[in-house]
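Colleague: Can you join these two chains into the complex? Each is in its own frame, and there are hints to help.
Protein chains in written order, with our numbering: chain V, 1 to 83; chain G, 84 to 343.
I should point out that these hints are in silico values taken from the structure, not numbers from a laboratory.
Be careful, since some hints might not be right.
Stated by the list, open to error - The calculated DSS-like cross-link candidates involving lysine-lysine, where the alpha carbons are at most 27 Å apart (straight line), are: (1) G:Lys250 to V:Lys20; (2) G:Lys250 to G:Lys218; (3) V:Lys41 to V:Lys11; (4) G:Lys340 to V:Lys41; (5) V:Lys41 to V:Lys60; (6) G:Lys218 to V:Lys41; (7) V:Lys20 to G:Lys218; (8) V:Lys11 to V:Lys60; (9) V:Lys11 to G:Lys218; (10) V:Lys41 to V:Lys20; (11) V:Lys11 to G:Lys250.
Here are the chains, one letter per residue:
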Amino acid sequence: MPTIVVEVMPKPEILDPQGKAIANALPHLGFTGFSGVRQGKRFELTVEGEVTEAVLDDAKRAAAEMLSNPVIEDVVAVRVEED
Amino acid sequence: MTSAIPLIGDFRAETPRQLDGARIGVVTFPGTLDDRDAARAVRLAGGTAVPLWHADTSLHGVDAVILPGGFSYGDYLRAGAIARFAPVMETIIAEAQATSTSSSPLPVLGICNGFQILTEAHLLPGSMVKNDHLKFLCTDQVLRVENTTTAWTSQFTEDELIAVPMKNQDGQYVVSAAELEQIEAEGRVVFRYVGANPNGSRNGIAGVTNAAGNVVGLMPHPEHAVEPGYGPDDATGMRNGTDGLTIFTSVVSSLAKGTA
Chain V
1 MPTIVVEVMP
11 KPEILDPQGK
21 AIANALPHLG
31 FTGFSGVRQG
41 KRFELTVEGE
51 VTEAVLDDAK
61 RAAAEMLSNP
71 VIEDVVAVRV
81 EED
Chain G
84 MTSAIPLIGD
94 FRAETPRQLD
104 GARIGVVTFP
114 GTLDDRDAAR
124 AVRLAGGTAV
134 PLWHADTSLH
144 GVDAVILPGG
154 FSYGDYLRAG
164 AIARFAPVME
174 TIIAEAQATS
184 TSSSPLPVLG
194 ICNGFQILTE
204 AHLLPGSMVK
214 NDHLKFLCTD
224 QVLRVENTTT
234 AWTSQFTEDE
244 LIAVPMKNQD
254 GQYVVSAAEL
264 EQIEAEGRVV
274 FRYVGANPNG
284 SRNGIAGVTN
294 AAGNVVGLMP
304 HPEHAVEPGY
314 GPDDATGMRN
324 GTDGLTIFTS
334 VVSSLAKGTA
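This is chain G alone, in the form it adopts within the complex (with noise of 0.2 Å):
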């Protein structure tokens, strides 16, 4: 059977066998759900998923980590509070700070429950709190990519705007003034909402990385947005955005060229 658009689970033509050396870990923590989403964004995007599990320490040698979204341990506390705790955390959030000459440090992306936890965590600035209209927000956001230096945004071009799924409920991302005067003034807002915000977020932001950015936080999900008939409606057609797949094939291109 052939068709233009792949099936789900066909994308034998699809993938671009130079690139199969790039090792993507999706950790599972309890409660996570889009880790299979995540793992099949990057299997589209021409890397290998690697699941890791949150108990475990080993990062089993991947060149780069993703925390998907969900609500790890069920968000009690606050949100990825607890799962900043696991065993996995620890050896992801050295690897990330990794400073010596012989080891770059750790890519790694938080979506949505991941971003949460990687402020938890300290690895970026801010947290995130309850949305200021107090509902659950499911929508296609339009978002602006400003910073296309980052492992995960490099096949952006500048300010370019994607459109791709958002879901949660505690999204409004919240700083110190005189953190987001710094994050602002060394360009460290990776994604920014379009149009109204959709949270009450700090001057819109929906994404941040850290100083070094090796680490990229957003809050809306583009492993949502990375397959023809299950992204968000595009002028194609419905359903038919894929705006999403870039933040993949840009790190399993940066992963291949030596640059993240």
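In isolation and in its complexed conformation, chain V is listed as follows (with noise of 0.2 Å):
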């Protein structure tokens, strides 16, 4: 069944504070190459049958209308994954 994915970042201008945690903790495990952590979201809409246009349309109006929050992020990505 194809999956429609939809990645959600914090905006690059929001000071992401879990990313910033993270980054903070890597060294703790000796991970001392990456010099920042931004933490976002991926969702897996699962589609019954075809992705038509009409059905990639209405996951993009869902990521802009509900899975993201235009103030604080970014829809980075709507694309679909077959398997």
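Modeller: Laid out in structure tokens, this is it:
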């Protein structure tokens, strides 16, 4: 069944407190090669049947109106993954 | 039994009869925690609290609405994001934005999670992200009341300092630079944190109002500072602080005077 993947990230100008905490913790485990971390969200929308243009448009609207909050987040990807 | 301090559930003598007409709705979503405290604050202020259910589109003729604190729908997705789509919110959003001359816009107060719901519903600008220190913060917080023209703050004096409890994890108020400039210029910051910024909120903003002034949201909890013995410490003794009560007496009195 095809899946539509939606990825949402905090806006670049919003300091991401969770990402910062992860970045601070990484060196404690010996991971010293990463200078920053930003944490986002990935949604997997399962589709029964074919992903038509209309279904994809619905996914894009859901991403913009519900899955993300435009004040603090950007939708960075809406794509179809077959399996 | 008589006591200078009213006992729980005993406010027979304190209820001002002439204001009983003010009916304030208190919404309960799945995961709401402070609805009973908010209803109690309304009663202590002399109003009548009307329970409103999230799945009900009717507001049952209330004169104002409070969205109380808690973790509506488990704060899944984002704090307040799912509650914003509840049936009761469709009616509240419509009535809060009423512009016709026959019906004045509904006074709405969002406390903590209620504030988050109001930003998700785009009734108030900005949004909330995790506290900059990432800890759940529970403390008594001093606020400055910077706007006394709203129905919810009319009985405060300009720049009055009040102490009310605050308890949240997603309390950092963020807003775009352009909107921040606008709400500051228009005097729409209603409450500002006094002292060290407790959560990284832009400009130390604790509460804001919309352009019309009928919708107010704040992160701290005035409904937990309405009764001696159960509020923050103040000069008169431990837990005696009742600064939050003025929010509720403000709206009850504004409604009685017809200025809300």
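Colleague: Now look at each hint and say whether the structure bears it out.
Modeller: Here is how each hint holds up against the structure:
A C-alpha spacing of about 22 Å is found between G:Lys250 and V:Lys20, which places the hinted pair at or below 27 Å, so the restraint holds. About 10 Å separates the Cα atoms of G:Lys250 and G:Lys218, which keeps this hinted pair within 27 Å; it holds. Note on V:Lys41 and V:Lys11: the hinted pairing holds, with a Cα-Cα distance of about 12 Å set against a maximum of 27 Å. A threshold of 27 Å between alpha carbons decides the hint, and for G:Lys340 with V:Lys41 the separation of about 48 Å lies outside it, so the pair is violated.
Restraint check for V:Lys41 and V:Lys60: the C-alpha separation of about 15 Å stays at or below 27 Å, so the hint holds. For a cut-off of 27 Å, the pair hint linking G:Lys218 to V:Lys41 stands: about 21 Å separates their Cα positions. Of the supplied pair hints, the one linking V:Lys20 and G:Lys218 holds, its CA atoms being roughly 13 Å apart against a limit of 27 Å. Between the alpha carbons of V:Lys11 and V:Lys60 the distance comes to roughly 18 Å, so the proposed pair stays at or under 27 Å and holds.
Between V:Lys11 and G:Lys218 the alpha-carbon distance is near 22 Å, which keeps this suggested pair within the 27 Å criterion. Of the supplied pair hints, the one linking V:Lys41 and V:Lys20 holds, its CA atoms being roughly 16 Å apart against a limit of 27 Å. Our distance criterion of 27 Å between C-alpha atoms is met by V:Lys11 and G:Lys250, whose separation comes to about 26 Å.
Hint 4 from the list above is the single one not met by this structure.
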